[in-house]
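Protein chains: 2
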Amino acid sequence: MPPFEVPEGDPFGPHNLPYGVFSRAGSQERTVGVRLGDHVLDAGAAALALGSPYAALLARPTLNPLLAAGRTAWSDVRRALTAWVTVPAHQETVAPFLHPLDSVTLHLPFEVADYVDFYASENHARNVGQIFRPDAADSLTPNWKHLPIGYHGRSGTVVVSGTDVVRPAGQRKGPADPEPVFGPSVRLDIEAEVGFVVGVPSRTGRPVSLESFREHVFGLCLLNDWSARDVQAWEYVPLGPFLGKSFATSVSAWITPLDALEDARVAPPRRTHPLLPYLDDAADGPGGYDLRISVAINGHTVSEPPFSTMYWTAAQQLAHMTVNGASLRTGDLYGSGTVSGPEPAQRGSLLELTWNGREPLELPDGKRTFLEDGDVVTLSAWAPGPDGTRVGLGEVTGRIVTA
Amino acid sequence: MPPFEVPEGDPFGPHNLPYGVFSRAGSQERTVGVRLGDHVLDAGAAALALGSPYAALLARPTLNPLLAAGRTAWSDVRRALTAWVTVPAHQETVAPFLHPLDSVTLHLPFEVADYVDFYASENHARNVGQIFRPDAADSLTPNWKHLPIGYHGRSGTVVVSGTDVVRPAGQRKGPADPEPVFGPSVRLDIEAEVGFVVGVPSRTGRPVSLESFREHVFGLCLLNDWSARDVQAWEYVPLGPFLGKSFATSVSAWITPLDALEDARVAPPRRTHPLLPYLDDAADGPGGYDLRISVAINGHTVSEPPFSTMYWTAAQQLAHMTVNGASLRTGDLYGSGTVSGPEPAQRGSLLELTWNGREPLELPDGKRTFLEDGDVVTLSAWAPGPDGTRVGLGEVTGRIVTA
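If you read the protein sequences in the order shown, they are chains A and B. Under the UniProt record's numbering, the first residue of the first sequence is numbered 1, with each subsequent residue one higher. Under the UniProt record's numbering, the first residue of the second sequence is numbered 1, with each subsequent residue one higher.
Check before you lean on any hint, since a few could be wrong.
The list treats identical chains as one, so a pair stands whether inside a single copy or across any two.
SDA-like cross-link-like pairs, simulated, lysine to any residue; straight-line CA separation at most 20 Å [said to hold, decoys possible]:
hint : residue 1 : residue 2
1    : Lys145    : Pro178
2    : Lys367    : Asp38
3    : Lys145    : Ala282
4    : Lys145    : Ala233
5    : Lys145    : Gly51
6    : Lys367    : Asp138
7    : Lys367    : Val401
Calculated directly from the structure, the hints in this document are not laboratory data.
Could you put together the complete structure from these sequences and hints?
See the structure below:
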């Protein structure tokens, strides 16, 4: 079958067209690629061959120039790419630039500016509260329903899917330990999240409103915010997570443009508390996304977290992040926080899935409380697309290697 | 007086030579400059005129190439610059490239990669503990003496001295408020800190030892970590400071190389708790720096925090930050945390100086609890230099403007 014809039901058909950065075997040269089925189109080379003005955005080693170009350019480029892979006259021209996915190397698709991680799933926050503060009157902290809680992470350790994750070492101190001990983390965990990628910057002192979300955010990806629970538990009071999170954050190699997810937009859960005006999205269109995530360990699915259950939307997170006047830069990345649904089999972390290690998971290769060396974790997801299709998100995978 | 002869006692004599980035009036072109008295030497132009190989590091719009070049290059470049401004034959060649400081514009001297802020002053941590947790048995959290507590900040809002700071807006909720309210911060504060600038990167999974500090860290600067205490108080449980800090962090325009501060090295305070081996600096040379900081509001000195009192050293902070395998990048910046000495007049924040607003400061222009619009805050500092000289640090100043 010619590579332009993807099988019926393929979640990476021409209705999807996520963006990445790749290099070909034997070459160090990186360039923007667009995924079609199990092939990648060298979008820059195609643009040059067609004399397209978008070559300036696509024949580049990162997505940053495209990200910075803004919504009108994003839509125009997407329309052009759709034509190149679906209109026979264009197909003939660009066919030489279509490479099998398994023949290329995928790279971190953009230069990460600031990385922020949120905590936007009510189910996740309640589970964590019950596990760590079993005697509290409310499993949520008092601020939780009033603002999307977030913190800054380490952008220098954001890595692309497929990168090995070295088990981190650090201090930990259990309740029975008289002094902290040092060593490799024994409670290494995953956090299944969705990451949002900022394209258009904003100016200092100018908050970005809820309505401006789509003018600034280009697209999204799956994100695994690896977490060393023992390190985190000892360090995080009073200034929050630091080394328990900063060793690695994995993102998928493919950034799905928001334009591919129009059919996946859904209303967020009903708000149980009144919101301050800058966060009140009652008058807006549906601000959530119906993304069906799967979490697998060594190929065995352990959870299916539904992103549609997130209490805070990405637009609210962006509005909150900038309401103090903080500026955005091209390449800013923000994670949704662990996605956990209401059911036990919908929890996005091992902390929750095993209830802090007390209820081990039964996997084909043995029991698991937290991750073991050699474990391969894979997040994948799809969203409803046009006409009953599915829009696939690029998977994010990583293997734990010995410290 | 020819500009090469700085007045006796000038803290910016040829024993200092801090690095910055400047542009000349009417020009957008940025280049590396070195401060000498009240002049700046266009170091790139001087290097080119002298045929120096260091032009490749100095005729650049940021310090990043010099930062990345490593300790041997740092020492060699410094030796060359010292000769250029002190040896008559060289002086003649480079004289045309010496510009009055008041004729140039100073810029953020390097591209900030990740920004981390620590909490390393025991006096500060105890003051904050007493203010916010008056009933706690110990004003320090249990982890404080075992590890240098830190968190990631927003590198995109690090600004150079002289940049106005827009009063941030945000949510706050006092104990008497039934619901959070939104508006400009009414408890805007300063934090007098020292920032350390990473030059040489490190690899993922390879911790940087205490002994390697000087191989990775190029120099330091003054840093004001502006803080909206009301925003911070409401948001920071459980994931730490976010919008209360992310609107602006000011750094001085001049980076003082560690090589200029050899005479300022002092032993840190006696450790009261045993340290894990990766933090144990008992066998190392003096890891502290004797920097005498002044904090002024509208020209009136309100505090003189002594950096020599910091419990955790910059080398310990670097070792801790990387012990989990997190990598360093050129341009990483980390703040010491608020510097507060044991005396009331040595406290580095208004939170402490006014004991959470209960004891206003008397300034010539009226009382202060927290900062008012129009207030100009200036941090300055000096350190002991060779032969009884003083090594000046570049000041960091900022004016509060209305939201």
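Results for each hint:
1. Taking identical chains as interchangeable, the C-alpha atoms of Lys145 and Pro178 lie at most 20 Å apart only when they sit on different chains, with a minimum of 14 Å there against 37 Å within one chain.
2. Taking the shortest Cα distances, Lys367 and Asp38 never come within 20 Å of each other, neither inside one copy (34 Å) nor across copies (69 Å).
3. For the homomeric pair Lys145 and Ala282, the shortest alpha-carbon distance inside one copy (15 Å) is at most 20 Å, but the shortest distance between copies (47 Å) is not.
4. Taking the shortest Cα distances, Lys145 and Ala233 sit within 20 Å of each other only across copies (16 Å), while inside one copy they are farther apart (23 Å).
5. Taking CA atoms no more than 20 Å apart as the test, Lys145 paired with Gly51 passes in neither setting, with 51 Å inside one copy and 63 Å between copies.
6. Taking CA atoms no more than 20 Å apart as the test, Lys367 paired with Asp138 passes in neither setting, with 32 Å inside one copy and 41 Å between copies.
7. In this homomeric assembly, Lys367 and Val401 come within 20 Å of each other (Cα to Cα) only inside a single copy, at 19 Å, whereas the closest approach across copies is 58 Å.
The structure does not agree with the numbered hints 2, 5 and 6 stated previously, though it agrees with the rest.
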